[in-house]
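Colleague: Chains A and B, in that order, are what the protein sequence lines are. Counting from 1, one number per residue, gives the positions in the first sequence under the numbering used here. Counting from 121, one number per residue, gives the positions in the second sequence under the numbering used here.
Incorrect hints may appear among the rest.
[As the list claims (entries may be wrong)] Think about it this way: if two alpha-carbon atoms lie no more than 27 Å apart in a straight line, the pair counts; the simulated BS3-like pairs of lysine-lysine are:
no.	chain 1	residue 1	chain 2	residue 2
1	A	Lys70	A	Lys2
2	B	Lys340	B	Lys152
3	A	Lys115	B	Lys340
4	B	Lys340	A	Lys116
5	B	Lys193	B	Lys126
6	B	Lys308	B	Lys158
7	B	Lys308	A	Lys115
8	B	Lys130	B	Lys340
9	B	Lys193	A	Lys70
10	B	Lys153	A	Lys70
11	A	Lys70	B	Lys126
12	A	Lys70	B	Lys158
13	B	Lys126	A	Lys116
14	A	Lys2	A	Lys53
15	B	Lys340	B	Lys153
16	B	Lys153	B	Lys193
17	B	Lys340	B	Lys308
18	B	Lys152	A	Lys70
19	A	Lys70	A	Lys53
[As the list claims (entries may be wrong)] So the derived label-pair ranges between C-beta atoms look like this:
no.	chain 1	residue 1	chain 2	residue 2	range
20	A	Ile4	B	Asp253	39 to 47 Å
21	B	Gly182	A	Thr93	22 to 30 Å
22	B	Gly182	A	Pro59	39 to 47 Å
23	A	Ala105	B	Gln307	14 to 22 Å
24	B	Ile371	A	Phe117	38 to 46 Å
25	B	Phe124	A	Pro111	35 to 43 Å
26	B	Pro314	A	Trp50	46 to 54 Å
27	A	Ser58	B	Val142	30 to 38 Å
28	A	Ala8	B	Val154	25 to 33 Å
If you are wondering where the hints come from, they were derived from the structure by calculation, not from laboratory data. Quick reminder that beta carbons are idealized off the backbone N, C-alpha and C, glycines included.
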Amino acid sequence: MKIIYGVALLALSYLIGQWLGEFFGNLLGINANVGGVGFAMIILMVLKEWFIKNSWMSPDIDFGIDFWNKMYIPVVIAMAASLNVKSAVSTGTLAVVAGAIPVLAAFFVFPLILKKFHKI
Amino acid sequence: MEIFLKLVEKNGLIVGFLVIGVIVAFSELFSKKVLNSKIPGSAIAIFLGLVLGYVSGVFTGGEKGLSDIAIFKGVGILGGAMFRDFAIVATAIGASFYLVRKAGLLGMIFLFFGIGLFFFMGVLLAYAWGYRDAASLCTIGAGACTYIVGPVTGAAVGASSEVIALSIAAGVVKTIAVTIITPIAAQKIGLNSPESAMAFGGLMGTSSGVAAGLAATDPKLVPYGAVTATFYTGLGCLICPSLFFILLEMIF
Numbered sequence: 001m002k003i004i005y006g007v008a009l010l011a012l013s014y015l016i017g018q019w020l021g022e023f024f025g026n027l028l029g030i031n032a033n034v035g036g037v038g039f040a041m042i043i044l045m046v047l048k049e050w051f052i053k054n055s056w057m058s059p060d061i062d063f064g065i066d067f068w069n070k071m072y073i074p075v076v077i078a079m080a081a082s083l084n085v086k087s088a089v090s091t092g093t094l095a096v097v098a099g100a101i102p103v104l105a106a107f108f109v110f111p112l113i114l115k116k117f118h119k120i
Numbered sequence: 121m122e123i124f125l126k127l128v129e130k131n132g133l134i135v136g137f138l139v140i141g142v143i144v145a146f147s148e149l150f151s152k153k154v155l156n157s158k159i160p161g162s163a164i165a166i167f168l169g170l171v172l173g174y175v176s177g178v179f180t181g182g183e184k185g186l187s188d189i190a191i192f193k194g195v196g197i198l199g200g201a202m203f204r205d206f207a208i209v210a211t212a213i214g215a216s217f218y219l220v221r222k223a224g225l226l227g228m229i230f231l232f233f234g235i236g237l238f239f240f241m242g243v244l245l246a247y248a249w250g251y252r253d254a255a256s257l258c259t260i261g262a263g264a265c266t267y268i269v270g271p272v273t274g275a276a277v278g279a280s281s282e283v284i285a286l287s288i289a290a291g292v293v294k295t296i297a298v299t300i301i302t303p304i305a306a307q308k309i310g311l312n313s314p315e316s317a318m319a320f321g322g323l324m325g326t327s328s329g330v331a332a333g334l335a336a337t338d339p340k341l342v343p344y345g346a347v348t349a350t351f352y353t354g355l356g357c358l359i360c361p362s363l364f365f366i367l368l369e370m371i372f
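When you get a sec, could you build the whole thing from the sequences and use the hints?
Modeller: Written out as structure tokens, the structure reads:
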């Protein structure tokens with residue numbers, strides 16, 4: 001039964017986060033949700049810490065959230081399959097270039113920055 | 121047959137679960153048997169999803185990929201904005217405050233640096249490819265971060281479905297690139313300690329790519345890389361459609 005508490009906790013974080021996102025979007029004059037998902041994630045982490053601190057967390061509650069955590073890749077697959085890929089492919093080289101070139105750059109700069117921090 | 125079709129139509133979301141399950145099963149098998157697990161099953165499944173979306177687009181002429189085919193409508197529900205954002209928020213449960221506090225400042229610095237680096241390189245490349253509007257540039261830049269930050273940003277700033285698909289494709293390419301290059305480059309770039317793995321996770325961000333790449337390098341490093349990488353998507357979802365988008369809107 002307690003599994004619904006986990007799902008409800010996730011739903012609460014989601015709704016407050018999305019509401020904050022809409023609120024800030026409105027405030028900034030952009031007709032968009034500004035970081036609602038990010039806010040929701042932060043709220044969920046804080047709520048989780050709070051629940052653990054008060055020993056309210058149970059394996060069932062955790063499972064209710066963790067189920068959706070593990071569902072995220074399947075959901076992303078479903079999303080990928082329901083997009084207008086046909087039109088994207090006409091600019092397909094950009095997808096490969098924008099995906100690969102920054103990665104190569106990051107591998108190149110990683111040891112340089114790491115060394116700087118080790119000196120400090 | 122008619123009864124079957126009616127059943128499928130009535131239970132769209134349930135059919136969606138089954139369809140994605142079959143896609144994942146096929147991808148896992150393909151990853152193991154054909155590619156020796158060199159590319160993770162999840163990356164192949166996402167690519168396969170994009171391929172199916174492409175084929176359906178050619179076949180139906182619609183704009184919603186596989187879900188334009190009546191019997192696969194449920195895939196569109198499962199992959200829609202509501203389930204997507206809900207599942208992404210749930211991933212925050214995997215990040216522990218304790219570990220992050222312990223790992224300290226280094227991971228956080230690399231996290232911000234990583235998002236900035238990937239985003240602005242993505243924007244520059246999109247600019248070079250002829251995009252000039254802030255929403256498209258922002259979405260492609262976000263896609264260069266991860267395949268989740270891309271569509272979340274795209275939906276928030278109102279980018280077109282084509283650009284969102286492009287941002288996902290870029291994110292998937294990134295995941296594959298990180299997965300393949302990490303074990304090859306690990307020694308050369310000094311990726312050999314928990315501390316450097318935290319920094320690496322922060323810089324690269326794509327949690328599936330970082331986790332798969334580190335697993336092939338040294339399994340002991342996986343949790344350290346994953347813990348910072350987990351924050352990358354959340355932070356990207358927060359910064360890209362807000363701060364970075366406003367910045368781009370001022371320029372364009």
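Colleague: Taking the hints in turn, state whether each one holds.
Modeller: To see whether the hints hold, each was checked on the structure:
1. A C-alpha spacing of about 19 Å is found between Lys70 of chain A and Lys2 of chain A, which places the hinted pair at or below 27 Å, so the restraint holds.
2. As the CA atoms of Lys340 of chain B and Lys152 of chain B are separated by approximately 22 Å, the hinted pair is consistent with the 27 Å bound.
3. With a C-alpha separation of about 22 Å, the suggested pair Lys115 of chain A and Lys340 of chain B falls inside the 27 Å cut-off, and the hint holds.
4. For the proposed pair Lys340 of chain B and Lys116 of chain A, the alpha carbon gap of about 25 Å is at most 27 Å, so the pair holds.
5. A C-alpha spacing of about 13 Å is found between Lys193 of chain B and Lys126 of chain B, which places the hinted pair at or below 27 Å, so the restraint holds.
6. Of the supplied pair hints, the one linking Lys308 of chain B and Lys158 of chain B holds, its CA atoms being roughly 20 Å apart against a limit of 27 Å.
7. For the suggested pair Lys308 of chain B and Lys115 of chain A, the alpha carbons sit about 13 Å apart, so the restraint of at most 27 Å is met.
8. Between Lys130 of chain B and Lys340 of chain B the CA atoms are separated by roughly 47 Å; this puts the pair beyond 27 Å, and the hint is violated.
9. Of the supplied pair hints, the one linking Lys193 of chain B and Lys70 of chain A holds, its CA atoms being roughly 22 Å apart against a limit of 27 Å.
10. Of the pairs offered as hints, the one joining Lys153 of chain B and Lys70 of chain A holds, with about 24 Å between alpha carbons and a cut-off of 27 Å not exceeded.
11. The suggested pairing of Lys70 of chain A with Lys126 of chain B is violated, with an alpha-carbon distance near 31 Å, which exceeds 27 Å.
12. Taking the CA atoms of Lys70 of chain A and Lys158 of chain B, the gap is near 22 Å; set against the 27 Å cutoff, the hint holds.
13. For the hint linking Lys126 of chain B to Lys116 of chain A, the alpha-carbon distance of about 64 Å lies beyond 27 Å, and the restraint is violated.
14. Using a Cα cut-off of 27 Å, the hinted pair Lys2 of chain A and Lys53 of chain A holds, with the two alpha carbons roughly 18 Å apart.
15. Straight-line distance between C-alpha atoms of Lys340 of chain B and Lys153 of chain B comes to about 25 Å, which keeps the hinted pair within the 27 Å bound.
16. At most 27 Å may separate the alpha-carbon atoms for a hinted pair to count; Lys153 of chain B and Lys193 of chain B exceed this at roughly 31 Å.
17. Between Lys340 of chain B and Lys308 of chain B the CA atoms are separated by roughly 18 Å; this keeps the pair inside 27 Å, and the hint holds.
18. The straight-line distance between the Cα atoms of Lys152 of chain B and Lys70 of chain A is roughly 20 Å, inside the 27 Å bound, and the hint therefore holds.
19. Distance hint between Lys70 of chain A and Lys53 of chain A is fulfilled; the C-alpha atoms sit about 24 Å from each other, no more than 27 Å.
20. Remark: the range hint 39 to 47 Å for Ile4 of chain A to Asp253 of chain B is upheld by a beta-carbon distance near 43 Å.
21. For the pair Gly182 of chain B and Thr93 of chain A, the beta carbons lie near 24 Å from each other, so the given range of 22 to 30 Å is met.
22. For Gly182 of chain B and Pro59 of chain A, the hinted distance range of 39 to 47 Å is satisfied, since their beta carbons lie about 44 Å from each other.
23. Hint check: Ala105 of chain A to Gln307 of chain B, Cβ distance near 19 Å, so the stated range 14 to 22 Å holds.
24. Hint check: Ile371 of chain B to Phe117 of chain A, Cβ distance near 31 Å, so the stated range 38 to 46 Å is violated.
25. Taking 35 to 43 Å as the suggested C-beta distance range, the pair Phe124 of chain B and Pro111 of chain A does not conform, at roughly 58 Å.
26. At about 28 Å, the beta-carbon gap between Pro314 of chain B and Trp50 of chain A misses the expected band of 46 to 54 Å.
27. A beta carbon spacing of about 34 Å between Ser58 of chain A and Val142 of chain B agrees with the range 30 to 38 Å that was offered as a hint.
28. Here the CB-CB span from Ala8 of chain A to Val154 of chain B is close to 42 Å, at odds with the stated 25 to 33 Å.
Comparing the model with each numbered hint stated earlier shows that hints 8, 11, 13, 16, 24, 25, 26 and 28 do not hold.
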